[in-house]
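2 protein chains.
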Amino acid sequence: MSKKTTIYDLAKRLGISPATVSRSLNDHPSISGKTKKKVLEAAKETGYRINKFASNLSLQKSNTIGVIVPRLNSDFMSTVLSGIETIANNAGYNLVISQSLEQEEKEKFNTKTLFESGVDALLVSLANETMNYDHFSIFTDRKIPLLFFDRVIDLPNCPTIIIDNEAAGYQATEHLIQQGCKHIIHVSSGLNRSVYKLRYAGYRKALKENENNFRERVIQVDNFSPPEAKKVIDFIKTSVHPIDGIFVSSDSLAVYIIKELRSNGYQVPNDIKVVGFNNDPVAQVITPELSTIEYPGYKMGKLAGQSILSHLSGSINIETADQIILKHRLIIRESSQK
Amino acid sequence: MSKKTTIYDLAKRLGISPATVSRSLNDHPSISGKTKKKVLEAAKETGYRINKFASNLSLQKSNTIGVIVPRLNSDFMSTVLSGIETIANNAGYNLVISQSLEQEEKEKFNTKTLFESGVDALLVSLANETMNYDHFSIFTDRKIPLLFFDRVIDLPNCPTIIIDNEAAGYQATEHLIQQGCKHIIHVSSGLNRSVYKLRYAGYRKALKENENNFRERVIQVDNFSPPEAKKVIDFIKTSVHPIDGIFVSSDSLAVYIIKELRSNGYQVPNDIKVVGFNNDPVAQVITPELSTIEYPGYKMGKLAGQSILSHLSGSINIETADQIILKHRLIIRESSQK
DNA sequence: GTAATTTATGTAACCGGTTGCGTAATTGGT
DNA sequence: ACCAATTACGCAACCGGTTACATAAATTAC
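Keeping their order, the protein sequence lines are chains A and B. Each residue of the first sequence is one higher than the one before, starting from 1 at the first, in full-length UniProt numbering. Each residue of the second sequence is one higher than the one before, starting from 1 at the first, in full-length UniProt numbering.
For the record, the hints were derived by calculation from the structure and aren't laboratory data. Check the hints yourself; a few may be wrong.
Identical copies carry no separate label here, and so any pair may be met within one copy or between two of them.
What the hints assert, rightly or not - Quick list of in silico lysine-lysine cross-link-like pairs, DSS-like style, CA-CA up to 25 Å:
| hint | residue 1 | residue 2 |
| --- | --- | --- |
| 1 | Lys-12 | Lys-299 |
| 2 | Lys-338 | Lys-259 |
| 3 | Lys-230 | Lys-197 |
| 4 | Lys-61 | Lys-4 |
| 5 | Lys-108 | Lys-61 |
| 6 | Lys-4 | Lys-143 |
| 7 | Lys-299 | Lys-231 |
| 8 | Lys-61 | Lys-182 |
| 9 | Lys-108 | Lys-4 |
| 10 | Lys-237 | Lys-106 |
| 11 | Lys-37 | Lys-4 |
The whole structure should be built from the sequences, with the hints applied where relevant.
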């Protein structure tokens, strides 16, 4: 009971070889039915448990998938993770999850750690800070499946799962324009990450196309925490042109901006219209309810999991890098309607 | 570059034994400085990486901690996980995270999987469904550290980390009473989990002590998702006594109840006062802002991590089961003030 | 009834580190 | 220069499965 039994114990007990025990436990075709039964019974009786350490060493695989995310405690990320976990768990894979906390150094460290711990594949959503991608070469060099989701970078043979951020940014801005906004600002963070850069590009495109002399203006925040809302309000208060529209790259920040606007005497949506991003739960809790871009986190997670699993099972040619673009959707609520 | 080098390769290359290489890499005291240097250099040159599979097998430890949570995508849980991850990662441990989705079967399966995958310790927050705890005996039998947090159960030698839910429930209810509420209901889920049972007990205690003939009434919901709010509203609308106070075991549900109340013509807090639980971000986003119990998730995660690490390092006597009770705090906001 | 197959099991090497024990090499003391 | 005490390193077993290959047993074929 307290002592662990090995296949050698079982072999001795049954007077057969460890190889036969191993094959029986793995339901190998060349073992007779009765022997298998005997082994299974003995295994049950003795409380035998496979030693994955030994199995992993022998098979050179861990049935484990590594994940690196910027942070665990964001509604979007935890939803994606939930999707990944569901798929992975169902397929018998464990998930080793670590967070980079937006730091390049931590991301590097985690990449190395996960590599050494022998994950069979790695899923990554990049840190804002990360500018160099060499740390992923230990995976790509050895053809270990590597996939990026949401915060992606284009590396050879690495699938990516994203939404069309540029189109989303365009639609959000276009919507504000159609609602009559003349001076729309964009609030974003870390423009070196493509997600944000593309939303910004979409914003600019929409402004350009609508031959107004709107001046584009990005307020870059350090992160999407509540205090950053103040920076936006400060800008608005001191702006020469009266700001009447805000496209924020994050719902969580958007709601704080709305609160801050209201406490500064601005009416939303009358004075200023706001569109967020993500469709976080808070979007439907704030008054007025927040217009936003629906971002299919759970689906993204499931697809990321499925994609990497099919790579692992070899049913997809690893050399064929693919890109999956999920549908997003502009959800119009009160915060942006005239 | 593409071929992995082993300590045997290094040994051959340097004309020394694998044992010396191993000891050098582990900075063993009985190896001379020059040899160590030689080995380290050769390791760098050849791009040597330790094979954790082999190391784990030999050492019978994985530097991995398993975690089972009801679900990943809840603000509270992901915050706890973030705390655990920070501590674990810092100490060189990986985190294998899985979710039970509130199902006893999945919890059992995950427990078994994590055991077999050789985690050095297990952290668990129980599923609502779970009624039987035998599946944890594989851990307790073999003295593998097992710790419960938040949704706990008292098992021999298993530390727990919680808050004083009864006191919190008491305070929340008492506060409502002091604000003049005469008919307070409690909204909760799965009363077989101690967290919820204790909050309920606190609620009852507060009612009893205030010698009114308040009748206690629990509305039990299946989960804390938005649709469940309707059940609560239905009860309130058909109640003989006019309900004027609600203590909800979850902020996320509380905000939907408030929204639903408002759209049914009730004024919060004038007609009905509401207190939630958790201090989720939504609590400050809803209008009126939600009074709630602050629940220190990040700290809970960090403590869970630290506690289990000290068990692993042996600095705490494993036989001494401890219980850590974190401080909670009633945060009074608009939703409950007269 | 014997050879040709097919089926069932055993042998032994391998996966790549780790470590107790023994020995050779170096240092130190006098 | 000689013996003792350190110090540095090698040998070999071990961790527990997995699997190619060999071999023995059971079937089938003629």
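Hint check:
For the identical chains of this complex, Lys-12 and Lys-299 are neighbours neither inside a copy (50 Å) nor across copies (50 Å), given an alpha-carbon limit of 25 Å. With identical chains, the CA atoms of Lys-338 and Lys-259 are at most 25 Å apart both within one copy (19 Å) and between copies (22 Å). Taking the shortest Cα distances, Lys-230 and Lys-197 sit within 25 Å of each other inside one copy (22 Å), while across copies they are farther apart (41 Å). For the identical chains of this complex, Lys-61 and Lys-4 are neighbours both inside a copy (23 Å) and across copies (14 Å), given an alpha-carbon limit of 25 Å.
Proximity of Lys-108 to Lys-61 under the C-alpha cut-off of 25 Å is found in both arrangements, the shortest distances being 22 Å within a copy and 24 Å between copies. Taking the shortest alpha-carbon separations for Lys-4 and Lys-143, only the inter-copy value of 13 Å comes in at or below 25 Å, while the best intra-copy value is 36 Å. In this assembly of identical chains, Lys-299 and Lys-231 lie within 25 Å of each other by CA distance neither inside one copy nor across copies; the values are 34 Å within and 29 Å between. Taking identical chains as interchangeable, the C-alpha atoms of Lys-61 and Lys-182 are never at most 25 Å apart, the minima being 58 Å within one chain and 63 Å between chains.
In the homo-oligomer, the alpha carbons of Lys-108 and Lys-4 lie at most 25 Å apart only across protomers (20 Å), although the nearest pairing inside one protomer, at 37 Å, exceeds that limit. Taking the shortest Cα distances, Lys-237 and Lys-106 never come within 25 Å of each other, neither inside one copy (38 Å) nor across copies (53 Å). Taking the closest pair of Cα atoms, Lys-37 and Lys-4 come within 25 Å of each other only inside a single copy of the chain (21 Å); across copies the shortest separation is 40 Å, beyond that limit.
Violation of the numbered hints given earlier is confined to hints 1, 7, 8 and 10; the remaining hints are satisfied by the structure.
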